[in-house]
Amino acid sequence: MAESLIRNVWLIPLLPLLGGLIAILGGRRLNGWNHIPVVAGIGLSFLLSAIILLGMEGAHETEAYSWIGIAPTSSAADPSSGPNGWSLVVPVEFRVDGLTIMMLTMVTFVAALVAVFAAGYMVGDPGYPRFFFVFGLFVFSMTGLVSSSNFLLTYAFWEGVGVCSYLLIGFWYAKPAAAEAAKKAFLVNRVGDFGFAIALFLLWTYAPNHDLSYANILTIETRDALANTELLFGQSALFWIVALLFWGATAKSAQIPLYVWLPDAMEGPTPVSALIHAATMVTAGVYLLARTSLLLAAEPALQMVVAVIGCATALLAALIALTQTDLKRVLAYSTVSQIGFMFMGIGAGVGHIAQFAIIGALFHLFTHAFFKALLFLGSGSVMHAMGGVIDMRRFSGLRHRMPYTCWTFAIGALALCGLPPFAGFWSKDEILASLKAAGHDEHVASGGVYTGIYWVATFTALLTAFYTGRAFFLTFFGPEKLPSPDDPEALGADDHHGAHASSDHAALGVDTPAPDSPELSRYEAAMGSHRPEVGSHAPGASATPHEPASHGHGHDDGHHGHDSHFGHESPPIMTVPLMVLAAGAVLVGILFGPPTHWFGHLIEETPSFELLGHGEHAFDWGTAVSGTLAGLIGLGLAALMYARRTEIPARISALVPPLAKASWNKFYVDEIYALLIVTPTRLVATACRYFDVYVVDGLVRLVAFVPRLIGGDALRPIQNGLIQSYAVMTAMGVALLLIVLMFVG
Amino acid sequence: MTLLDSRDLALIAAIVALGWVGIWLLLPHRHGGVKTARAYRVGALLSAIAVLLVLPYLTPPGDLLARLFFYSFSLLALLGAVLMITARNPVNSALWFAVVVLSSSGLFLLAGAQFLAAGTVIVYAGAIIVTFLFVIMLAQSHGQAIYDRSARRPLAASLTGMLLLGALISAIIAPGATRKDGDPAPIYSVGAIADQPPADGPIAAVTAQALTETSRLPRPLEQGETPAHVAGLGATLFTDHLLTVQVVGLLLFVALIGAVAIATPKAPIRPDRSTASSSPGSATTNPGGVS
Amino acid sequence: MTDPSFPFEYLSNYLIIGAALMALGMLGFLSRRNLIVMFLSAEMMLQGVALTLVGFSRYHGNWTGQVFTIVMLTVAASEAALALALILVLFHRIRSLDVTLWQDLRETGLPESVDTSGAEPYEPVPGPESYPHLTPSGVEPPHPRQPWEQRRG
Amino acid sequence: MATWQIAVILVKIFLIVGLFQGAVAYMILLERKIAAWAQDRIGPNRCGPLGLLQPLADGAKMLLKEDVIPGYVNKPLYILAPAIAIVMATIGFAVVPFGPAGLDAPTVNGNPIHFQIAPNVDIGILYVFAIGSLAVYAVILGGYASNNKYSFLGGLRNSAQIISYEIPLGLSVLGMVMLARSLELNDVMSWQDRNGLGPIPAWGVFVQPLAFLIFLVSAFAETNRLPFDLAEAEQELVGGFHTEYSAMKFGMFFLGEYLHVITVSFLTVILFFGGWDAPFLGVEDTSWIAAVLKVGVIFFKVTLMVIFIMWIRWTLPRFRYDQLMNLAWKALIPLALLNLVVTMVLIQLFRGVG
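From first to last, the protein sequence lines stand for chains A, B, C and D.
Numbering-wise, the numbering used here puts 575 at position 418 of the first sequence, and it's gapless, one number per residue.
Numbering-wise, the numbering used here puts 295 at position 264 of the second sequence, and it's gapless, one number per residue.
Numbering-wise, the numbering used here puts 1043 at position 62 of the third sequence, and it's gapless, one number per residue.
Numbering-wise, the numbering used here puts 226 at position 224 of the fourth sequence, and it's gapless, one number per residue.
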């Protein structure tokens, strides 16, 4: 069974695509059941990958078919001919090894649950078929990305997930904020993809046989050959390739300096945020770096850079997350921060702990997918209940109204804090342990840096616990309060989000176009239908600030706790995935982690990982204790400050106003980008425009003037509009040319 | 002057001249006037002589049966072509074209291209020409229109066509494959080009990129042996020329959509003619949409 | 490389027949005025080229020529579909298949290059005399407007 | 090619042509009998015992009748049309095996004797389709040349129908072709014989049931048999494209139609019912007795098929023209494509397994 499945592993990407195609081709005819084919497709894919996971031994590669093959002639087939020989082979080949099957199983599992959740969450949206089509397309691209066995194919799917991300962030494309965010994500990702593409060109140029398959590239021989090729600035080709791959990874995985798109990507529907912008796609960069870790391991300087960037990102994002009031944005920054942890792990893969560190990073990727998807879906559930409001200042104390959501969210939060025995603890601990080991390794040149990173990471873990606790307590504890348009915070939100494109609709949350707004009518004109959910589920939100709430929900929060339309728990189709994911967030750490080492053994079956350095590693009680302590302290502080609405936060922010303000404004990164990049680009563009209009166009006009002079009278009559006249000239021309060549030549 | 001897030159000139006059006489009059039967007879005679003059350039291939078939197919193709372009009735034109297609399918068979022979008959004779017959019959069910009975500048057109023929024939028979070593190598001679092996001719770069081993016949054929045809062609199509197949499939798909989009009966462009033109026009457009 | 049972002389047979078909097709395309006959002539040119390609394919002993002929076949099929659709549309507009009626894409200010005023009048082939001429009876129905016979009319 | 081989081929040609022309005469009798049975009549019973001489009388009538050529017809095309009809119907038999042929053929002194006029034609099925597609000309020219509105309409309708149904016909066959990996009809038969699950033979009707249905429907349409005989439609079109034909010219059209029925029955039997395949007759059995038995089996199956076709004629009512076109373009072609794709996927999945 598993053997034939491994041979036909292309089925795993194909099934979700088929489901998506059925969903969109069925359209309205499916009558709101469009999610069924997609869920079925993803579920089948998960089953297949689980079967492969259980029955797999070693690594396999299968070639589905070879799309383009431009092979060298026998004379040019010399492998050492380098850039002068030419060859391009584009096989559609897939591989099954530990890394791949881990990612496949994780992606399809989470995606299946998120799809089920989305089936409840997106009910009634006019773009329902489109949503599930793009959803299927995304799962197709993502599974293709992780199962492809060839850099070129990986790149194609890499772009595929980018496109799907774009389509899903801008799913409500009639909403300007969403359109802007989608554009931003797309452009920022292009910056990174540019690096990836250049890295591919370099690989193609310098790799032996111009073969871009993993089996060819990820070998010691190829690595040495690349390392011995001098390229630019005294650095080897290997250095540049790895650096550019890292550059590509920073964009996709939202690291400094290209992380800015991810928080804005929260404009998309929440299931999308959960799946794409938390669990799967953003980890593609980590996957890529892990996949090429053999190459990375040969460049210690770059590894240091990776670790430092990851550390800086983790710290910065955690600092920003401290003060954000938008629940989804807190989670988004936490995602950025956690991926920073993964990068730290990748960067710590030096010396004999290389394999251990990479496995740690991948394990964090694995566990993170579960609890972050859980947190996002939980926030989606909250948002669903609050009628699209996601600002934490406008609701609180929801634990009685939404018990399932509350407690599953709590489990996710504990996992994120890294408290034992939740999943996050095991994986974070492995990363910290590898950082510490890298610091103490005498073979590593600058171990001090790693020690520093270790302490910063521990501090970041504390911050993580703090802001996670803050979000949880703000949402679910304290006095019960539901959103109302009269809430002073609702208006105040506008001021603070002023820099954002979403400012217009902050009061109405990010998921729904404002009712009665021109955007909504345009949106509905575009979608051709009305979204019933807004009216029926969220009357509180349907009253705009200009129109006093006629329904009376917003005034006395304490008295209408049993309102059947508003602030209720989500339906089972949404809570069941939450519970499944919560079980995962508790269990995967113990099942797969250090207690069993299942995960480690699985990943070790990846061929190129066996070539990495590996030594013995005992469970490090020191990091475990310090990490747990950091988590407990952070959580405790959060409980102290937010569980029952104290004045401490305000006082603290009054104590260090510049820092708090900077954190509130996300450290002005967007503004700096605007100043450093957008403005100069605009200046250059203006200059180019003037050059184009006056110089180039002038030349063109000059050039055009001459033939007009010649052709005016001489050639005009020839164009008589009759096709046969033209054909006569052509035939005569050919005949005369042949005759002339015959008798003159 | 060095490449063709005077005998060939005279023969080609004769073909061109006879064909010119003959086809001019056979073509309809410029203003649709009626030509005398004698003019037709003279034209037919001259054209027939021109066609027969082409025959000396053909080399009899293979055994008796093959020769018989080859010459009959060639003659049929040429006669069919002449009759197609001179027929007054477009239905006859289409039928003569069917004759041309069938005889060139026969020539395909003789060249060992069985799949193409069958495919050409199915596609051309079975579908395209029949569809054309449809349109002709629907558009001109009554008699011959003025534009069928009048040619556009028949003298100049036949001169052009025959000059093209003469130039092509002289380029083909110019010594290339049979030239001696001392002679200059003419690059415009088909023989010279064909004689160069693809590996180092002027098309070397193209063939080197486009051809892998599968696109050749497995080995040189023995005398009289027929290659396993369809399997080899299929293997080539789906390995070396896979992209070609995909592009061609896309082309067909686009053409299908385009034809449907164009031929679907639309509201008349001129609103003032909406009542008058819809009723007689719709009858003619429907079968086209179907076919 | 080249097939010993198919020397250059045999190839040149195919080339000459192909060239003749091509030249005659060109002749027909230039001289005829019926859109459909012109199109058939163009198809005949393609047929000549196909013969040439098949000959070369056999001569070189590889499949490339035949593959390209298949491409030509498909192109011809697509072309036929589109051309027929276009011809139908054109015919629908002026009720005529005459190519010289479509000269609108000429340079502005040029006169039309084909003058059909000197053409001899159309004499319809006499129909079967056996058709009975019935005496009209009843109310004469309103006649539809005359179809738009000529663009200049 | 030795002279005796040509002689054998000529003998086979004469045999087949003579046999089938004669068979057609008796098929007409059979059809009339079946029609009578279906309509609870007696049928022809005057000429000879049980009406067995009726075909001879019919033939004599056809041949001896005055051959009228109406005025105002397009004479060359008018004469050409029936000739095309019968020629195309006859030469289609060239590649149809009526017994073991190719590698399975029995031998005389080591020389194989093929039960097929042109053995080892690499493109057998394509050839049959090519010839079949040329048969349209008879119809369309007959309709056009008659210079008669009803004939013309009948010709147009019929040729549109034939062109349309050629597509599902060809597509439905491709499944079997892909399975057998050959366009040769012999190979298709021997594939069906060689494969199979225990006692169940791998006949096309079992492995490609959908394709079989599509093929059957399209074959009815191709041969103008009754649910699809819009072109003749005696009640509506006064006989369709051959209204103006009489005597032997009409007889040629008639003969061509019945020859088509035989061809189609042969194709159905070969592609979907295993041809000469019977439970105790294997491909490895190349003795003469087996060969004769195989010929018997294939003719038996063909006879059953012909009777089935005639039976259907009196079972189903005629289609309307738009229904006919809808059936071809909106049902059969998509279904045939689907069948093709599914077959491809399954072959890809189980490649190397079976």
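Hints are not guaranteed to be accurate.
Stated by the list, open to error - Here chain B is said to cover these stretches of chain C; the calculated rule only asks that three of the stretch's residues, wherever they fall, bring their Cβ under 8 Å from a Cβ of chain B:
1) 1023 to 1032
2) 1060 to 1072
To be verified - Here are some, though not all, of the chain A residues that point toward chain B, as calculated from beta-carbon distances under 10 Å:
3) 567
4) 790
5) 794
6) 797
7) 891
Unchecked claim - Derived coverage of chain C by chain B (criterion: at least 3 residues anywhere in the stretch with Cβ under 8 Å from a Cβ of chain B; other residues may be distant):
8) 993 to 1002
9) 1005 to 1019
10) 1084 to 1090
Honestly, the hints are just simulated from the structure, not real lab data.
Ideal Cβ placement from N, Cα and C applies to all residues, glycine included.
Quick rundown of the hints versus the structure:
1. 1023 to 1032: As far as the region 1023 to 1032 of chain C goes, the hint holds, because 5 residues have Cβ atoms under 8 Å from chain B.
2. 1060 to 1072: With 11 residues close enough to chain B, the hint holds.
3. 567: Result: violated, 54 Å to nearest chain B Cβ.
4. 790: Status violated, d = 62 Å.
5. 794: violated (62 Å)
6. 797: Residue 797 (chain A) check fails; min Cβ-Cβ to chain B is 65 Å, beyond 10 Å.
7. 891: holds (6 Å)
8. 993 to 1002: It holds, with 9 qualifying residues against the three required.
9. 1005 to 1019: Holds, because 12 residues of the region 1005 to 1019 of chain C bring their Cβ atoms closer than 8 Å to Cβ atoms of chain B.
10. 1084 to 1090: violated (count 0)
The structure shown violates the earlier hints numbered 3, 4, 5, 6 and 10.
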